[in-house]
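Novice: So the chains spell out like this:
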Amino acid sequence: MAKFKGAVVVNTERCKGCDLCVQACPSHVLGLADQVNSKGYHFSEMKHEDDCVGCSACGYVCPDACITVYKVKIQ
Amino acid sequence: MTTKDIINPANLVYSKAKLMTENPMHYCPGCSHGVVHKLIAEVIEEMDIQDKTIGVAPVGCAVFAYNYIDIDWQEAAHGRAPALATAIKRLQPDKFVFTYQGDGDLAAIGTAETIHACNRGENIAIFFVNNAIYGMTGGQMAPTTLEGMKTATCPMGRNTELNGYPLKISNLLAELDGTCYVTRQSVQKMASIVRAKKAIRKAFENSMAGKGTSVVEFVSTCNSGWKMSPHDSNKWMEENMFPVYPLGDLKDTEKK
Ligand SMILES: Cc1ncc(C[n+]2csc(CCOP(=O)(O)OP(=O)(O)O)c2C)c(N)n1
Ligand code: SF4
Ligand code: SF4
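Protein sequences, first through last, are from chains A and B.
For the first sequence, the working numbering gives the first residue as 1, with consecutive numbering after it.
For the second sequence, the working numbering gives the first residue as 1001, with consecutive numbering after it.
Simulated from the structure, these hints should not be mistaken for laboratory data.
Hints are supplied without guarantee of correctness; some may be wrong.
What the hints assert, rightly or not - No farther apart than 35 Å at their CA atoms in a straight line, the calculated lysine-lysine pairs in the DSBU-like style are these:
1) K1018(B) - K47(A)
2) K1189(B) - K1168(B)
3) K1168(B) - K39(A)
4) K1255(B) - K1168(B)
5) K39(A) - K1255(B)
6) K1004(B) - K71(A)
7) K3(A) - K39(A)
8) K73(A) - K1189(B)
9) K71(A) - K1189(B)
What you are looking at is a predicted structure, and each value in this text was computed from that prediction instead of being measured.
Bound-form chain B, shown alone (with noise of 0.2 Å):
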């Protein structure tokens, strides 16, 4: 059988999910934000509830989403996307609410909020891009850059004794008694992706059954940041970043 005879809708096992827009994403080639852009869509479709899914995007590299994913979106101010989905939620409680950020909005300048919104519990999901470094703004360091990681601003490596610890926000975030799911995994391979993509449909599924706030962590890579091409950063990721931000459940209240 030839290539030209296998290509034919019959045989058809993956492709782009509908509800991704044509446009042409504006992320680096090889960056983590798109395929976790990928799955959302994934699991809106399969869920079928575009009509009822209403997205946050943040300030960061991920400012575009709403180009990206044909559902309804607000624009939030910088790290104020879990104060925003909260209202949000409130006020349509019948709709799937939940933000998309990064590591420098959900735990820098929006630490409050995301402390805030997981502690009251809302019913929201939060999706969460740790690629422990500003990308937007060009490479500064972040809460959650790792100890010795070089970046812009720490240009001779994170010193712990100048700038403190990575921020391993998620582990904070279980302790409170308003989250019923938290969960970190990444997007870097194939057994990782299908694994990423049930955490996203389990935490919709609790933003609705009222469990209160999940939460999703992506350990992910910034390859423009780290100055590496996309695959040494995946490698990179899994030598330095999992080490520091293991992968797993850190807290799921339904398997007490």
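Chain A on its own, in the form it takes in the complex (with noise of 0.2 Å):
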């Protein structure tokens, strides 16, 4: 069975770090950061990049379009 890999990247500026993203992986790969943005929101980040499986559910949860979602298949 192919096997999937991701990557996100957060527009840090733009989150609010309302959490729904975190809530919404499946893999447990993101979290709040400890450090703020401009706006003093905590920020979505990968804490476990390794287990990204790229299936953009974070993306899709957004509200503010904060999330782009990269995949590429492994063997």
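Put the complex together from the two separate chains, hints included.
Specialist: Here you go:
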């Protein structure tokens, strides 16, 4: 069976730290950063990047269109 | 393969629609409005109708919707979006015309406009965000507020003896001969978001095919008004809103 590996890029300035992507990720990749952006929000970031499968669930549920998802097939 | 290698345009699978402007949206963190905006932008982009689409923004939290999707817009007076959309579509029948409305806008102050536009079968799409509350003005009771649900103006919970029952306005609209498609969707999960997007596309297509009015209700959250986290709001919505406002098509004349 083909396996996929993914990676996400969060627009940390646009992110409001709502946590919906963190909750939506089936692989528990994401978490909120300890740092804050210029508006004071703890933005989302990859905490366990090796576990990302590029499913895009985080991107779909993000209300602020902050997440870009990349995906590759690995044998 | 490292994360750095994967982050390459050739591997892109999901990104912000180009039609969404760079303006940061003013909605509270986690608000359903953002997801619905995104889906409308994605559909317009995929249908390649940016130059042919006119949105009508409401009064309510979505009052600034025109700042976020790069198409032509008109701002309606509170509740009057379907009347304004009627005029726009009749004057410019080659345009895709839609309204974007909250439940206070569509089902309280604008009830007459909503019902009569649907009854006339105006060839418009109505996108209806039902979060069971007046979000913008500070979380007052709406006609759609659930029985027992606490809001600023019913702090003990909605009492049906005093305040009547949650208004299932989409069911009402489905009864009208002018509507061709009335559906209830949600945007809290990937699968529901995919379905909601299909419904938006269908509503746009119907409007150009001259089939009558399409109404897409999005059962939504207002986490600020509900005083819960965005995630808890989604759970509360699934447990409490869905039994009163069940998802699915209420009417689809195509499927007769
Ligand atoms: C004529 C008029 N009456 C009342 C108001 C106050 N008002 C502004 S928004 C709103 C209700 C908005 O609720 P809803 O349509 O559910 O949208 P939401 O903010 O929840 O997205 C009201 C009553 C107004 N702006 N204009
Ligand atoms: S793409 Fe899927 S696996 Fe990767 S962070 Fe997003 S939700 Fe998690
Ligand atoms: S008040 Fe409610 S509807 Fe308005 S932006 Fe905040 S969460 Fe969204």
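Novice: Does each hint fit the structure? Answer for all of them.
Specialist: Against the structure, the hints come out as follows:
A distance of roughly 28 Å separates the Cα atoms of K1018(B) and K47(A); the hinted pair therefore holds under the 35 Å criterion. About 23 Å separates the Cα atoms of K1189(B) and K1168(B), which keeps this hinted pair within 35 Å; it holds. Our distance criterion of 35 Å between C-alpha atoms is broken by K1168(B) and K39(A), whose separation comes to about 38 Å. For the suggested pair K1255(B) and K1168(B), the alpha carbons sit about 22 Å apart, so the restraint of at most 35 Å is met.
For the hint pairing K39(A) with K1255(B), the CA-to-CA distance comes to about 49 Å; that exceeds 35 Å, so the pair is violated. Distance hint between K1004(B) and K71(A) is fulfilled; the C-alpha atoms sit about 12 Å from each other, no more than 35 Å. Between K3(A) and K39(A) the CA atoms are separated by roughly 38 Å; this puts the pair beyond 35 Å, and the hint is violated. Restraint check for K73(A) and K1189(B): the C-alpha separation of about 24 Å stays at or below 35 Å, so the hint holds.
With a CA separation close to 20 Å, the supplied pair K71(A) and K1189(B) stays within the 35 Å bound.
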